[in-house]
Amino acid sequence: MAELDKNDGSMDATPNVTDVVAVDAADETAAVAAIEAPVERGEPILQVRNLVKHFPLSQGILFKRQVGAVKAVDGVSFDLYQGETLGIVGESGCGKSTVARLLMALETATSGEVFYKGQDITRLSGRALKAVRRNIQMVFQDPYTSLNPRMTVGDIIGEPFDIHPEVAPKGDRRAKVQELLDVVGLNPEYINRYPHQFSGGQRQRIGIARGLALNPEIIICDEPVSALDVSVQAQVINLMEKLQDEFNLSYVFIAHDLSIVRHISDRVGVMYLGKMAEIGTDAEIYDHPTHPYTQALLSAVPVPDPEARERGERIILTGDVPSPANPPSGCRFRTRCWKAQDKCSTELPLLAVPERFKGSDSPAAHESACHFAEEKDIVGAAS
Amino acid sequence: MTIMDKTADIPAPRAGGPDDARLLEVRDLHVEFHTRDGVAKAVNGVNYSVDSGETLAVLGESGSGKSVTAQAIMGILDMPPGKIPQGQILYRGQDMLTMSNEERRKIRGQKIAMIFQDALSSLNPVLSVGYQLGEMFRVHQGLSKKQAKAKAIELMERVKIPAAKQRVSDYPHQFSGGMRQRIMIAMALALEPDLIIADEPTTALDVTVQAQVMDLLKELQTEFNMGLILITHDLGVVADVADKIAVMYAGRIVETAPVHELYKRPAHPYTRGLLDSIPRLDQKGQELYAIKGLPPNLLKIPSGCAFNPRCPKAEDICRTEIPALVPVSEQDGSELPGRGSACHFWKETIHG
Amino acid sequence: MPDATKTETETEAVADATAAPSAATGKTQDKPRSLWGDAWFDLRHRPMFWISSILLLTLLIVAAFPGLFTSADPSDGDLTNHFLTKPELGHFFQPDWFGYDGQGRSIYARVIYGTRASIMVGVGVTAAVTLVGGLLGMLAGYFGGWLDSIISRVTDIFFGIPFLLGAMVVLNSFTDRKVYVVILALAFLGWTSICRVMRASVITAKQADYVTAARALGAGTSRILFRHVLPNALAPTIVVATIALGGYISAEATLSFLGLGLGEPTISWGIDIAQGSQAIRDNPHALLFPAGMLSLTVFAFIMLGDAVRDALDPKLR
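Residue numbers (the numbering used here), protein chains in the order written: chain A, 201 to 583; chain B, 9 to 360; chain C, 201 to 517.
Hints are computed from structural coordinates only; laboratory data are not their basis.
Misleading hints may appear alongside valid ones.
Restraint ranges, calculated between C-beta atoms of paired labels, are given here [said to hold, decoys possible]:
| hint | chain 1 | residue 1 | chain 2 | residue 2 | range |
| --- | --- | --- | --- | --- | --- |
| 1 | B | Glu165 | A | Asn526 | 25 to 35 Å |
| 2 | B | His268 | A | Ser562 | 30 to 40 Å |
| 3 | B | Arg113 | C | Asn372 | 41 to 51 Å |
| 4 | A | Gly519 | B | Arg113 | 35 to 45 Å |
| 5 | A | Asp362 | B | Asp324 | 41 to 51 Å |
| 6 | C | Arg353 | B | Glu200 | 35 to 45 Å |
| 7 | C | Ser422 | B | Arg113 | 32 to 42 Å |
Partial selection, computed: residues in chain B whose CB lies under 10 Å from chain A [what the hints assert, rightly or not]:
| hint | residue |
| --- | --- |
| 8 | Tyr179 |
| 9 | Ser184 |
| 10 | Gly186 |
| 11 | Gln220 |
| 12 | His241 |
| 13 | Asp248 |
| 14 | Ile299 |
| 15 | Ala332 |
| 16 | Pro335 |
Model, not experiment: these values are computed from the prediction.
Virtual Cβ for every residue (Gly too), placed ideally from N, Cα, C.
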């Protein structure tokens, strides 16, 4: 049993889940069996604990030495429940895309754990990792670079079956691919075409079909609609919601468009410089944000209503996001925060329900990593 | 003033002096690209105008021709494969397309400036920011190196770059995205132009930085009483800064309106569809409204109204007849200044 | 929601009938079009491609079957009758068409028989260089790390050796310089440029999202390398190899001219140019014809390389 308590003191609290039931699999077969076991709706399916990813900065040509590190993800914890959509928002450089790659085991974590059904996927390899890959898939941001331009659509969507031949017998594959094309709303006769013969929205559908091929349980969506035209974005969002219901999927939905995240998410996490600043249900985050960064972010979003900007206070932050190679001490946001005090530079605020809201039923009582968390009347995005 | 004229009603170019003319007026502009697969009609008869101190937002998706129009104005269109078969671009009443190269160069360098989306690739990476800013003054005003540097610092202070004196010798890559966009703005401002064309100036920036940059742009525009053409696909950015809006689709303007009017009562089904597809709180958990289909292929624009295959209101007439951009009026016939719609059924759309 | 599925499908159908994707084309949009197919389509519409291809095809046939083009023996010198005889430009395909050289041999026959050595060296060096350089570049680019450091440093060292000077030094240590010796010597020094190009394009290709997608699916190294990375990294290598081929042919001629390349009795344009240059004042024809042939061949390869590059240029996609 790997319990959370074994970690050091600066760990974030996650009161909504006391600890992780880690299954210590004796061997690969046991691990695969644990991975293939079903999870009840509403139970945690993915549990991220103190995830850290530092990219070393090195100098030298032949003999490289490390001169520092980009702290892309610096201690992030959250849970994903079966059947829900967890939105993750944040600006460029906040580490949200690195989180996606860590959840996919595409990067090796510097430290921390990602428990998928009790198995720490940061430590898996071989057959067990392959089994995880079947169940966690990804949809990419750029539909122009995420499809191999030299393969036909049929080969692209059929590739998962080549890699996991046990999913579909060889003879069925063409029919399976055509079925998938139909599911994502593309003409099944397009199977022999090449990606460049499609528009952006259609390519994104092809990418989604590839992600669905192995019938996964979790899909990590990294900015899945931000490269698409406004009129096509809504189509793709609708498709993703439909597929979630149809195939009982759980989504981690990473985006910078706050109104789309609110529309699709059950819960939302806000990241800043490699840390989770605030996390809660969509209503808690959007209507009752208590972290100053969330408040600034929400009020900075241009609202497609010329009269809305005249209501409420608008916070315009000064300065830029600091470099993740050299983040500020204490609270990462303090250099741009209007409430910052001495305490903020010395003491790292942990992600927890703020003391003053503890035990209250107010929607402000959700996890927020700020020493001075409080509600503020601001212009809301997507309200 | 009305932004729109019907194509047919366009008066012959006036010989009048610069005083009675608009700052910039685009008339019946057409741009096409000759490609291996045929002729792509990127711009098909665009009319718009801007006055000093005014902000015109050109709203459209990729392939709507919004950027191509701007490139035609700036004379940075690749020709060939691009071609301007028809149209006028009038700067204070003079057609830039028929001017001599020398005259045109003068206007485009000093009177009209452009800000691009990607500031990093628009700045020369091997020259210091101060040198690039000062270059304008050395070339156009013949200032000495020292004077030019002083001017560069002044410009950097004006766009609120902190510690301008210390940073003037830094190179573009040493600045953050937001600061680089400020430098681009400083560069555009250097020669105090009458008109700035900003092509998606904040798309590449983070939201919290976006707000800073848009605020700065607005402030400087008021200070210098410049005209601003803001090209964007973001309905939110437009709502924040524009005075009037022109919505483009498949190389045509399909609707024009003052900013408040457009969001309240769109008069074209495309505009309505765009506004409806923004997720709203009361739609949580429901299907989003989505405009069906895909943006048109410019090699094969649908006959009649280009939007007809995607339009919920389309009828036979939409498939055969191209709707002209006509003035939009109130139900009782009273005029709605500045409003126009290129839809056969605009009455049903705005009043229905 | 079965209804939703239906609407979506209909939507696409409608959209496609009227508004084909902008990247697709008018006439051929209904057919699958691969990128290689597109490049081939593009090539077919370039006169430069056809001119160079016909030229090269002819040269290949000449190299394979020189006997078909001349009845004369290129080694048969008749000093008494033909010493430096002027060309008879009207006598097409006759032994005296290009005149005779300083040893009374038919220049036309020598030009025809010399083609083989040049083409063999050019094609041989290119094949060897592409194989070795391409493989090393692919490994360095894909695996990176210490392997990349080692390969890159070795490449730098070889890159630092002047190509011709290096080849001269290497060849000087051989007394019997057959075609394969020249090929090996040139390939030994020439693999670096292909290696660098391949390494760069593999690095670009391996960072693409489709490679990440394949990894996320659990694809193994060989699948990623040969199905995703290599097909997308090949184009620049093909272009560089085609253009370099002409260069290797002229390198061979240069070495032979200096007496360090192919030696008698092999017939080579370089040797003939060397001999022809001794009588250049009074009898320029002995130099002109082999030199012209050499230029034409090099030119044809470079022209083909240019056409291929334009067709494969990823910026057009």
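So, going through the hints one by one against the coordinates:
1. Range check, B/Glu165 to A/Asn526: about 26 Å between beta-carbon atoms, so the 25 to 35 Å window is met.
2. Hint check: B/His268 to A/Ser562, Cβ distance near 36 Å, so the stated range 30 to 40 Å holds.
3. A hinted range of 41 to 51 Å is violated for the C-beta pair B/Arg113 and C/Asn372, which are about 60 Å apart.
4. Restraint check, A/Gly519 to B/Arg113: a C-beta distance of roughly 38 Å satisfies the suggested window 35 to 45 Å.
5. Taking the beta carbon of each, A/Asp362 and B/Asp324 are about 49 Å apart, inside 41 to 51 Å as hinted.
6. Range check, C/Arg353 to B/Glu200: Cβ separation about 54 Å, and the 35 to 45 Å hint is violated.
7. At about 57 Å, the CB distance of C/Ser422 to B/Arg113 disagrees with the hint of 32 to 42 Å.
8. For B/Tyr179, the shortest C-beta to C-beta distance to chain A is roughly 16 Å, which exceeds 10 Å, and the interface hint is violated.
9. A distance limit of 10 Å between C-beta atoms decides the matter here; for B/Ser184 the minimum to chain A is near 4 Å, and the interface restraint holds.
10. For B/Gly186, the interface hint holds, since its Cβ comes within 10 Å of a Cβ in chain A; the closest pair sits about 5 Å apart.
11. For B/Gln220, the suggested interface contact is upheld, since its CB lies about 6 Å from the closest CB of chain A, less than 10 Å.
12. Using the Cβ-Cβ criterion of 10 Å, the hint placing B/His241 at the interface with chain A is satisfied: the shortest such distance is roughly 6 Å.
13. Nearest Cβ of chain A to the Cβ of B/Asp248: about 5 Å, under the 10 Å cut. The hint holds.
14. Restraint check, B/Ile299 versus chain A: the minimum CB separation of about 4 Å is within 10 Å; hint holds.
15. Contact between B/Ala332 and chain A, as hinted, is not supported at the beta carbon level, the nearest pair being about 23 Å apart and thus beyond 10 Å.
16. A distance limit of 10 Å between C-beta atoms decides the matter here; for B/Pro335 the minimum to chain A is near 22 Å, and the interface restraint is violated.
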